[in-house]
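S.K.: Mind docking chain L with the ligands on chain Y? Use the hints.
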Amino acid sequence: MMAEKRVQCPQCKNIQAIPGASGEVIVVTCPVCGFQGKVVFPPLDQKTIPVIQLKQLTKAYGRFTAVDHLNLTVYKGETYGLLGPNGSGKTTTIKVLCGLLSPTAGQAMILGQRVPCKTLMQKIGYMPQETALYLDNTVHENLAFFAGIYSMTHDQFLSQEQTMLRFVDLERWRDALVSTLSGGMRHRLSLACALLHEPDVVFLDEPTVGVDPELRATFWGFFHALSAKGCTVVITTHYMDEADRCGRVGLLRNGRLIAEGSPQDLKLQTGTTSLEDAFMRLGGRKMV
Amino acid sequence: MRLQRTLAFSKRTLLQFRHDRRTLAFVLVMPLLMILIFGYTFGGDVKGVNVQLVNNDFGIQPGGTPGISFSQGIFLGDNISKHLDTETLDIHVSANASEARQLVHDGKAWAAVIFPANFSENFQWSLAYPESSIRPTVEVYLDGSNPTIAGAVLKAVSQAIQDTMNALAVTLNISQAHSPLAVSTVYAYGGGETRFIDYFAPGVISFAIMMVTTMITIILFVNERRNGTLQRLLASPATEAEIVVGYSLAFAVIGLLQSIVVLVAAMVLFNVSIVGNIFLALLVVMLLGFGHQGLGILLSAGAKNELQAVQFIPLILFPSILLAGLFWPIESIPSYLQPISYVIPLRYGIDAERSVMLRGWGLGEIWIDVAVLIAFAALTLTGSALLLKRKS
Ligand SMILES: Nc1ncnc2c1ncn2[C@@H]1O[C@H](COP(=O)(O)OP(=O)(O)O)[C@@H](O)[C@H]1O
Ligand SMILES: [Mg+2]
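So the protein sequences, as listed, match chains Y and L. The first sequence begins at 8 in the working numbering and counts up by one. The second sequence begins at 378 in the working numbering and counts up by one.
Just chain Y, same shape as in the assembly (with noise of 0.2 angstroms):
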């Protein structure tokens, strides 16, 4: 895509319009002083599409407010991780998202469109934090009901249900009842759920607890995947380890959005190591 950008010399302050394609990079030298330097015309995949937008979202339930004037903003491509002890208001967020909760105040704004919006939802894949499964069918069978329920086609299901299960381990369980599954399992088919039908946008509500600690790295690996597709992943966890995967995090308080950045941007603002600690430094409670 062709733009143009205009700009400043830092040493005689002569503006100049450089045109340029994304993902260049060029060379430019000031026509008035000769001071040298580069213009970034950043790659349109590298998270400069906006794709939620939440302006001054607000929801009460009742007199407590979960959320409070949350404004923020997530990249097409970008993992998320909204992060913050439990009662922060995330799982609020997100359901306000997904159209389960009507906000108070606010709105929020998803792949342009606000919601909630009924359309949208087949762009979106949503986990929540209880494993929504049904309990008594098979794990196919629940595949293959949210497989129906995005509208699928049958070739399109066998491929990616093999996929899907393979990715969460669950190839050998795949007639078994999920009454008889493990809470980790049930956790890990209530991801592949959300997943299947390749959506733009995810909410993964805690997806990694109960998930023993190397299908977690599995999980965070097919995460990072999905966003080098241009998927755009929103997860919340308090999980510090895990905050530290994501490209960028909010830190959620009392359903204030207290700081927000990559958590090396964070770490080096607090001139701390651990997010943990920038955490604490910047307000926040112990997470566990």
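Since the hints were derived computationally from the structure, they do not count as laboratory data. Here the structure is a predicted model, which means the values were calculated and not measured. Just to be clear, a hint being listed does not mean it is correct.
[To be verified] Each computed DSS-like pair below joins lysine-lysine, with the alpha-carbon atoms no more than 25 angstroms apart: (1) Y:K125 - Y:K12; (2) L:K532 - L:K459; (3) Y:K125 - Y:K83; (4) L:K459 - L:K424; (5) L:K485 - L:K459; (6) L:K681 - L:K766; (7) Y:K130 - L:K766; (8) Y:K125 - L:K388; (9) Y:K83 - Y:K62; (10) Y:K45 - Y:K20; (11) Y:K130 - L:K388; (12) Y:K125 - L:K766.
M.R.: Using the frame of chain Y, we list chain L with the ligands on its own:
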């Protein structure tokens, strides 16, 4: 509304039933058990009812009477007694009327059938002078505490009288129409052969669909809510209408299965015959099911778990059993309770099922019932779709 999404709900629900054998058994066995238990206990035929027979009738000795010849004499009390159905009635002959009444009074016998001394004589008088007020009267002293038994006794007595008159009409050469004793019973439907089970079977089919659909819907939706699947669905492209209709289709399949099991059992075990159009009968039962599915979804909002859901059973069960005409006609319940039956949808289902199965009525005759059931289904299903849509 999209078919693929709608069918996804139906398919999943049916597959769940396939795994959950016990619930499936409940769905099929419950109505079967009902029809078996009630079929055999009330079996239609009341048998061996203890009845005291007192025949004080002197009769009329052979001889002549002006106009009418009684060459062999008449012993009407004897004649009628001989015609009493000994299978239904366990007849004990008693000499003393007041003793017989006392036995009934003490609960040792269900009825005393007493022919007075002038029974035949009065018969003769009333034949000779049809305008006079003299009537031969048989006294039936009856314990009416059990309407089924009381009805059976009365029926047996009047049947015996009618049979006697039929026989006498030939020997006495009088037309039956002139017989002062003739009991005229004309059956519009059922040819006099309708048993309790015939009356009961259409009711059981309706009742079973109602109970099973309501209960299972409540439980399924309580679980949908509690497991979080409902939330997940509301965050999917599936619409509330698709959810509701998807479940309806599944219940239609289950209801069909259930109705067929009951119908076959009723026909094979109890020889219940279906006069009317079986498809119309099934259609009525489906409509009833759809309405109660909607009701179930609405009620599920008021229960937090399965235990609370079960507490709805008596709330639905008792009015339906007692007031909707399942066991006895609505006309026989106290008149101040009768209006309540109008708001019980089961009433219309049972009424329509009976009309179709026993009377052979068609849509033209049962359209009011059908209209009410359609309205009920439309109301509850729309209401439940709106309820599912509701956000906090
Ligand atoms: N339905 C509800 N009614 C009242 N309060 C609620 C409800 N759901 C959540 N809350 C409250 O809102 C706050 C935020 O909850 P939640 O978004 O679930 O937090 P998190 O997911 O970060 O643990 C909590 O204090 C919780 O008690
Ligand atoms: Mg939460």
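S.K.: Against which earlier hints does the structure fall short, listed by number upward?
M.R.: Hint 1 is the one this structure does not satisfy, whereas the remaining hints hold.
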